[in-house]
Structure formats: C-alpha cells, structure tokens
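Protein chains in written order, with the numbering used here: chain F, 1 to 284; chain W, 1001 to 1344; chain P, 2001 to 2144; chain V, 3001 to 3658.
Think of the hints as simulated: they come from the structure by calculation, not from any bench. Warning: the hint list may mix true and false statements.
[To be verified] To give an idea of the interface, some chain P residues facing chain V are shown, with a C-beta separation under 8 Å as derived from the structure:
no.	residue
1	T2027
2	K2031
3	G2045
4	N2121
Just so it is clear, CB atoms sit at the ideal spot from N, CA and C, and this is done for glycine as well.
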Amino acid sequence: MQELVKKAKELIESKEVDLLIGYQSDGEKGAKPLFVKNTQQAEKLIFNQYCLNNLVTYLKRPDVKALKKVAVVAKGCDIRSFVMLLSENQVSRDAIFIIGMTCDHVVSPDGTGENEKCTTCKVHNPHLADVVLGAPVPEKIAKDKPVHYAQLEKLNAMSQEERWAFWQEELSRCIRCYACRQACPLCYCERCIVDFNTPQWIDTRSNPRGNFAWNIVRALHLAGRCINCGECERVCPANIPLMLLNQSLQEEAQEKFAWEAGYDPESQPPLTTFRKEDDEDFIR
Amino acid sequence: MAEYYITQSKMTALLKELASDSGMEVFGPVKKGNDVFISKMDGKTELCLDYFISVNSIKEAIFPRFEPILKYKLRSEGVELAELPPIKPLVVFGGHPCDAASIPLMKDLFSWDYKDHFYLQRLEKVVIITLACVEKDENCFCTSLGGSPHGETGSDILLERVSKDGWQAKIVSEKGKKFIETHLDFFRDTITPEKGIPKLQDKDIPVMFQSDRVKKWIEKNFDHPLWEEVASNCWSCAACTYVCPTCHCFDITDDATMWEGVRTKNWDACTLPFFTKHASGHNPRSQSYERYRQRISHKYSYYIDLFNHVSCTGCGRCSRVCKAGVNILDIVKRIDEESKKGEK
Amino acid sequence: MSENWEPKIITFVCNWCTYAGADLAGTSRFKYASNIRIIKTPCSGRIDPMFIVSAFEKGADAVLISGCHPGDCHYNEGNYNARRKFTMMKRLLDTLGVDTRRVVFAWCSASEGIKFSRLVNEVTESIKKLGPYTDYHSLNQEER
Amino acid sequence: MARIGVFVCWCGSNIAETVEVSKVAEVSKSIPGVVYSVDYKYMCSDPGQELVKNAIKEYKLTGVVVASCSPRMHEKTFRKAALEAGLNPYMLEMANIREQCSWVHNNMDEGTQKSIDLVRMMVEKVKRNKPLDDISIPVTKKAMVIGGGVTGIQAALDIASGGIPVVLVEKESSIGGKMSALDETFPTLDCSQCILTPKMVEVAQHPLVQIISYAEIEKLEGFVGNFKATIRKKARYVDVDACTGCGTCWQKCPVKVDSEFEQGLGKRKAIFIPFPQAIPSRPRIDAENCLKLTKDRCGICEKVCPTKAIHYDDKDEFMEVEVGAIVVATGYKIMPVSAFPEYGGGQYPDVVTSLQFERMVCASGPTLGDLKRPSDGKLPETVVFVKCVGSRDPEHYHSYCSKICCMYVAKQTMLYRHKVHHGNCYVFYIDVRSNGKNYEEFVRRAQEQEGAQYIRGRVSSIYKDGDDMVVEGADTLTNSQIKVKCDLVVLATAMEAPDGIKQLAQKLGIGYDQHGFLTEAHPKLRPVETATAGIFLAGCALSPRDIPDSVSEGSAAAAKVLGLLSKDTLDKEGVVAIVNELTCVGCQNCIRVCPYNAIELKDICNRQGELQRQVAHVNPGLCTGCGTCTPSCPSRSIELQGFRDTELYAEINALAEL
C-alpha cells in the first residue's frame, strides 16, 4: 500500500496526471472508488481483495476523457477491458497511466470467499501497465488454454423450455435501471440503442418483452468483447445472473473464433472480422 | 379498541389466498439470492418473512414501473380508443415505515397541479401492511427526517413483532380497519408477547443531520466543488432512483404496431445521462455529478419549496444498491457539516 | 391452436442471391407455402440479429434468414461478417431458451430457385408441427 | 403527412389468376396514409405508367407502391416514371406479388392475403423512406501504372492510346521487367528483346506517358477517381535530364560488382544501366558500392561526365500525382537456388535457376551466348532440368503451380540443343502442363524432335562427384531409382510474390493472399479489379502467368481504367451509408467490416482546432451500399440510406397482427 500511495503522490505532485482513480476502503470489508486530485486524498488509497470495482469503466466518462492524463488503478482483469477500449479507439494509450496491481484474487460480490471470476483468471499479473505494483502472483492457467465457466453447466443441462422459464423468471425483476450498462467498461456508446427511437428496437418499459429484448441486445453488443469482469452482474440491484449470458458468448467466441477478448490491443474483436473457413454447420 | 394478532403462517395463507384472486393484486417479499424483493405474487409465490429490508421499495406496487395511460386502434374509419386495464384493489405487504412514509409525499406530488388519477385511484384501493423495524444498518437514517422505525405514517396496518412467529396488528387507517374486519379469521389468534424479541426504538437510529440546515446550504451552493467531490464516483445508472420509495420521475412513451398503439407512463430517472438531453444535442446536466446534485437538491431543497417536506424517508436503499459507493447519508452529512461551518 | 392457424414466417434475404433465387422459383413456377413474408435487404451483412427479436415480438412463429453462399457475396464479404453475427445470436438465443428451431439460417443462391421453394416448404411444415410460438408472443402483455 | 398511392398490377392473368387484384387495391385504401389505390391490367405499359404519373400529380403523392413483378424487373421503369412526375425515385417501392406470390401459390385466398401483406409492408416502408439524390463524383482523368514490366507497359500504352495520360512508376532504373532478361520465348521462339524493346520505346515516346523509374509508391490517399499518390523517387545521383546516356561514366567506373540483371553471372559497374536497351537509358549510381559515396574516394564519373549530370549529394525526392485510377502490375520474383540446399543450391555454382540459364544462353548475356557452365566455363555436355522446384509442394514450399515452368523448360531444352547439338538433356517432371495455344505441340516438339528426355519423378538430391554433378531421383514410371551424371543442373524454381508487395498492398488498401499475391475482387467475374474501387490488377502480381496472359490482363485493366475515366464524373445510386456524427463514438466497427474501405475516421475539432473526438466518415464514392456497417454499429450511428432501420423495422411492424 505504501508503494501505491507513494506512486500516486508522485504522479499527482509532478502533475503527470490530472486525476487518479483508485480505491478507498468502505467499511471493514469493503472498498469503493476514490477520485484523487491531491496528495491528501492519495493518503486514502488502498488495494486489497475487496477492491472489486473495475475502475476502467470511468475512462469512458466524458469528463474523464476531457482530462489530459488520468491514472487508474487496475487489476489484470480490469486491464483486459482497457485493452478492448484501446482496440476500439476509445482511449489514447498516452492519455492513461495504468497502475497495474498484481492480484491473487478478489472476494465474491457478497464479500465471502474467492470470486468465481478469479478461478479462470489468466492475468493475476497485469499484462499491460505503466507500472506494476505488488508481488508477482503465479499464474494458474496457461494463456492458450480455453476457459470454461463451471456455472454455465447448470444452464446448459436444462432443456430449452427450462431455460426459457428460468430467464423469464430472472428477467422479470429487471427494472431497467441500466446499472449493468453504466457499470460496464465497454458499454461506452454516446447514445445507447435503447435510447434510439427511430425505430424503437427495444421496448423501454420494464415489461417482459422489453426486458428480454434489452438483455439480448446488451449481451449481443458485448459478444466477443466482454472480458468477464463481472461488474454488470455485481451491480445489478435485481440480482439477475447476467454473466451467464456473457460467459456463454465468451465460450462461443473461443470455440468458434478461437478468440479471447482483452489480451492484444492490436487484434480485432471477432464480430468485426471473419475467416472464410468459419464454422457454418448451423446454416442450411 | 380490540387487539389483533396474526401469525406468520396465517399471514402467508392470507396473502396467498388474496393473490389467487384475479381481481386483486398482491405484493409481498420474495427472496432471490441473498436479497428480498417486494414482488407481485400469485397463488404459488413463496414468501420470505425473515429479512431485514427489501432491495426495492413498495413504490412499484402503487406507482408501477410502467402503466398504460392510453390505448388506441387505427381503423380505416379513424382512431378508436381502446379500454385500459382496470385498476384493481391491491394489498402491499412487507414494507417498513420508511416505505410507507413515502406515500403522503408521493400523494402530494401526484395530486398537485395535475391530478394523476392512475396513482390516486390505486392509492384509494391499496392496503399497505407495514412491518415495524427490528433491525437496522449503517445506512438507516429515518429519524433524521422525522421518521421512526415504528412510524405509522402512510401505513394502513402496522405489524409489530411480538413473537418469533407473529405480530401484533395495529390499525392505522379506516382502510386498514376494514381489511382486518374483512379477514378477521386470520387476525383472531392471540399471541402472547415473547421475551427477547428485538424491537427498534427511535434512539437506536440517532439523528445525524438537520435537514433545514442542509437545505440552506444547497440553496446557496449550486456550484460548490463539494458536489463533484462527493458524487464523482456515480456512473449514472438508475438503480438508486428505482429502488427509492420517493423518486417519482416518469417518461411518456408510445409504442405502436401498424394497427394499434399504447401510450405508457414509464419510470425514468434524473440520474440517467439522457434525462435532460435536449433535441438540439445539448445536455444541461451532462456530467454525472450534476445529475446526482439534482437528485439530492430535489429531495432536500426543491421538494420542500413545493410540498414543505424532504422527499426522502431515510430508508438508505439507494446507498445499499450503489456499487459505485455513492452514499446519500455520507453526502447529506457532509453538506450539513459544511452548512454548520458556514453558520459560524 | 385454432384449426385454421397458419404459421407466420418472416424472412430476411439479401438482394443478390436469395431474393433473386426466390424470383427464379417464381419464374420456374416452383410452388411453395404462402406463409413467408420476405423483407429484402441489400446483403446478408445488413441483416441485423435484432431483426429476429423484432420479428418474434411482432408475432412471427419463425424467422428465416438467407443470403449468398460463402464466396458468392456480391459485396465479397458481407455474408462472412453476417455469419459471425448469426453464430453469436444463435448461441445467445439458445442460452436464453428461445426455441432455435424457429430461427433458420440458409444460404440460397440466385440459381437455387428449387432450393428456395423446398426450404420454405420444409420450414413451414416444421413450424406447423411446432405450433404457434406462444411463449414468445406472451411477452407482449401490456399489463404488469 | 404521408400521401401514398398504391398501384396493383394484373400482369394480364399472371397475377390476376391467383390474386384478387381489385380486393388488394380496395383493402390498400384502408391502410393509414394511403390516399389512392387502383388496379390495372399492365402497369408497366405506357398507359399504366401514365396512370402512376398522373396520380402522383393529381393526388400530390409523397410515396408510391407498385404491386406487380419483381423490382429486379421493373423498379427502374417505375422509378423513372416517378421522377418524370416530379417524385423522388427513391420514394417508390415495389411489392413483388408476381414472382414471389402469384407464380408460386395456387390458392386465390392465400395469394390475395399475402399480396395485401406485401403491399402493407411496402406502404409502411415507403412512408419512412427519404428522398435520395444520386451521387456524382468528379474524376481525375489520369491514371497510374505501378510496375514497368511487359504487363505494365501494355496497360500504360493502352490507356494512353485511349487519350488518358499515364504515370508509369518502375522500381528499377529501367522499365522492361523480367521479360527483358529472357532469351527466346515460347511457343514461337521469338527473341524476347526483339519483341519487347519496340514496346519499351513506344511507351517511352508516347506523349501521354510519363515514366518515373527508380521510384516507389510512398503513400496513397483518396479514393476512386480522386487518388493522390506520393511517389518516392529514389536518389539516383544522376540528373536524368542533363544526362545524355553517353556511357562514358560507366566505362570509366573502376568498381565491378555482380549484375542483378545478369542474375549474378556477369558484372556491372557502380554507375550503370542494367542492360544496353534500358529505358530511360540513364545510369544510376549504386550507393552501396560506389567508392565516392562509401569512402569519399574516386569521383571519376563526375569528372568525366560531359554534361555535369552527376550529383553525389542527390537525395530521395517525393512527388505527388493526382490520378483517377491505378493499375498494379508489380510482377513476381523467382526463388533463388540458395533456397534449396537439398539440391546443392548456393553450394555448387553449376546448379542454376532457369532465369540464370536464360542469361547463359542469351546472345546479349555475359558470355554473349556461348554456353559455359559457371564453375569452370566448360561447355555442358549433359544438362538436367528439374521442374516444380518450390512449387506444388505445400509441405515445404508453395502449394501453387508456377504455371510457366513446363513451357519454359521445354523451350530451354530446345535452346540448349540448338547450342549443343550433341548434348544430352533430361527433364525431371511431375506433370507436363501445356494448356495454351500451340503449347502442347511445342512440348511434343521438344520431346520428339529436339531430343529432350523427360523423366517422371521427383529429384531427391543433387551432389557433386568429381567434375560432374549427380542428380538422384525416382523414375515413377519405371518405378526405379535413377542417377544422372551431368555438367549443369537447371532448377525451375517457383515464382513468388515480389519483396515489399504486402507493404505496397497495405499502402494501396488492397488485399493479398497467404502467398503475397494480390487478390482480385472476384476470381471469375472481376478478375482484374480489386475490392478497392479504382485500383486494378494485372499480370503476375495476381499469381504466376505467362507473357500472353500478362499482356492480355494489362489490356483488360487498361479497358477498365478507360471505362472508369471515360466520363467526367462517376455516377452512382444514392443508396450509401451515412453517419450520425453526434452519436458516433468512433469504435471503428464499421471501418473494420466495410468490404470496400469506404469508411475512415474523421477528427472532430473544436474552434481552436483541438481534437475533440473521432467519428466514422463514409466516402460516398467508395460505398457500394451493402449495409454491413449498420448492424455492426452498436449505437446505430451509421445507417444505409434506402434501407434504414426505421424502414426495415416498419416492414416487420406491418406484419403485426391486425
């Protein structure tokens, strides 16, 4: 922690950055974002296993974008979303100072035990950063090993009718607060398609039709881009297991397009490219 | 006045019975994961009676997330108005006094310059059965706004826990009285109060700020840098407003196929980025902190100008759902401190 | 299911291959079921996966999507891009429990009038067996 | 408010037989927005069209739906009629109730119901259509040909003959390409120089052709009809305008190095022209070997130059040219023997490539046509030719066939036998591919009359035994191992994409395949076009070709260029994509999926000129209206006009239950 505070003060004092986004503690077992603009605020910086927020999401905000240079404290998983922002022309590499934190794991959203997402993590050690803080953590999974999400198995084992019933029940609680969208580092559109009304693709009412369409389009727009940070699901006030959708499409991208998002800023997201030999068994 | 009691099992049975009646709407607490939601029930819904506070407020029972206000059909002869679904009698069970306290506040608004008969009709037909609090957390601050963990405001019936298995039912309104009388069978048992049943007193939730001092500061400090400091974390979703018992903004949307259409009153939120976006492309509240400032200012200042009451009941729900760490109590306390400094 | 229920099949095709193939079916007088309604787009690359959702919302019992075979695209690559989107959409719908037997993708060239007519007949027949897509249509309720 | 007219055609009995047309017209009247509907026997006839035109005027129609045959049949007809009546042609849509309805259904009720639906869909669409203007883009009436081999020369000549000025850019100091190094050519055995040189002269003297040699493309901006190319003129150290090509400099230059033109078999000077017939016949200094430029010594050429044309301080220069179309004819390179160590390539001087063999037998070659083997100058009494070296060998080298080797090997056996009448020559081959005019006869002649001995089989190794070279291989016809002692081995090594071609392709924004050959827009129907409008391909830049094919393609590409530049403007339909710059976030999805590179990032700056954000920008000249961009845009900030979301959604919406 000393390291982090020291680095932050250095960056702020030297005016290398206009703003630093990090974590502060929130109660005994919690952490929340902290916007640091002076060295006094920097004293509050922490990093521990309760630092769940993906702070990269703030980089999409217009007021943050307007600043000359911003530092952000990020775990390997968060950096994957930064890589996507880079490849999608949403940030300029020069305008962001990444303070990469090595991270063994964070806690699950309810504050107990290891977070599910950490079991499939390949970047306990930040893969792209301006400075890496913390002791190196041994990586448990090889980079080229496909990731499999255990929690999908239950859903996959259901019949189609059961899956339908499952999702209708889950999505009935959706109140369309768009916390999933706002917390997502990759939902950066100036005008979301749901706010588009010529035509109104997606019913804005939180009725079954609108909730279904909204969650389809949200998952679809993240297809091949989602980096499994899990923020959408964590911030959902209705506890809807949104990551099941994202992870299903992540697996599809791996299986069909040999693609995992967020590792290489030079590569193109899979839905913006193709291979002639792509699988087409489902096409008659 | 007679004393009425009801056991948990009878309460469950009563709600289920009412929920089976297609002529009625019943809302009750349903567990999902680690949390409880006040949800619309049918005869088969499993109720959860062991919880601290629901994620959402009882608001959506009376002020639905969406509600058709006009239906029409297009015919070659012209436009034909279609009938709207009837507003059914409803029972809302499972809120706390901080939920119920929102009712008179919302009524003030919906019967203000324009009488919103959808809301008012539903209000007439609703029976609100409130549970007095037995637990609290660091986000609770009802007492700072004149509320109480066992306050009666807005409720029709207030249930106070007397045993592990039951409540004493306090009639608060005529509607409440009528409800108990109609379903007297369920309220006949006498429960002897058990010892050691926790009860929350006003003093358990200390007063943490003075709302009039907060208002004074807000009136004078629209451009104060404090706003940006306390709300910079906000990422502009509507979770806080949608779980809030007093947030009441809505949008009117049209949805039409070729032959018919419906106009809907649809929840909206001042925290969402597009809320004030003009057709010109200009957005007077383009920053997230500006939107959050609006939320606080509206509740703690503008609303008082109109209705002489803070539009917040201190339930703390917004702070609980906010994973960006925006905490209304912290912010209002900060403002109160600033205001105190200014007084000196 | 009422006696005289007929499936509604909304069909999205590209202009250069499948629309032309459907025209060829016409000029060749290959008869097929009248349940389809064709919406023409320039290229399968223009066919948005969200069309499927809208079609079901508007009462379709099935959606048929067809474009040029790989390598035949008038615009060289549109169908390759489309294929990736459809791959993802199909998986997503499947994950969500949508009956993906009702979402049919096919390649049909301008010379395959016969394939087009057979395709329409096969899809119509299979949807007749499945019945109306009441699950999806029930999402359209206006009340809470 | 929309005022839509619906015109239902009987098409004689073609439609009316299965569709109750009067009912379709009648029901159409009840569609909101429809103010007029009528049915008529032949809507495409002159009176039918008049009906449409008059109704447009009389009822002040804002949109028209013609329910008749396929739009592929008559959309143009009716849109023209609409235009004549003063209605924007894109405000007319057709409901296809013939090909896609009456002709494929039998039942009158079904046909009628479906027709009504189809009309309704199009009414809903046309209500939301927006008038579109056709696009007209001025073109620069000038072309650029990249590559001055025989293909590029042919293309340049044909374009210039059509009256369009051409800039011919050649990487080497002379045009002529590979063909200039060949001896005689199959199947006619005419001398390569004899047929090429006149063409070189013709192109050089053509008033509309500007040759820029020793130059490469640095950058290309713009789009079809309006390219701006930056050409890097490499430092030549010789002022080509002052120089008269007298030759004193290269005669006096003391430095001798291997000549690239002679395939390393002969020498050239440090100031040189690659071959005597070079065009322009102006030397350049090889900066790597010039004593003046490397060690600041010598300086003889400057001293002896009568016109003071030598400038040791010469630098690369850049010139910009604006052109409307480009032909890429960058040719090929041949794999060097050193790529084949298993065949002794690079180790034994007497293992040579076929191009080296060309120089060895050529009358203007280093030995002036006396066949001498490189190691000791001995006349080779026995020569072995090995075909498919590096070609048709996907496991080790290239999967493709180099196409011309079969023919030139047959030719080279003849050239050999013509020089060495008593000599033996053997050809190791896998197949003999001789599918061209007079090709098969030519190969037969080599085998039957000229004594070339063909052995079917792969060569396993080549090594030296004393003075002799030994070629070991399998004869797959007799199924035996075979050893041939010889004096010289000629490897018909594979043709490859030339160095730097990928970089060039990237600069031009055109595609290339895994071998580095440039990709045509369609292998059959658009063989000399690229996916980038205005850029054409010809010759071996695409894949191995022989001279006749290359020359044909040069002409074909020239015809395409002339077609494009024959008009003052490029006219196209208004169905192109358009960006909403207010909502676009510049994620580049559309840019990445666009098959035509028609979209680019555009900077949005504030009044102080500071970059605020980047958005997509469609070049309407390049957009072909496929619409692949639209679904790729998460915020719907790019829409294809004529097929906007709201138009297509309206069609879906029209199908919602009544």
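Here is how each hint holds up against the structure:
no. : hint  : result
1   : T2027 : 6 Å, holds
2   : K2031 : 6 Å, holds
3   : G2045 : 3 Å, holds
4   : N2121 : 10 Å, violated
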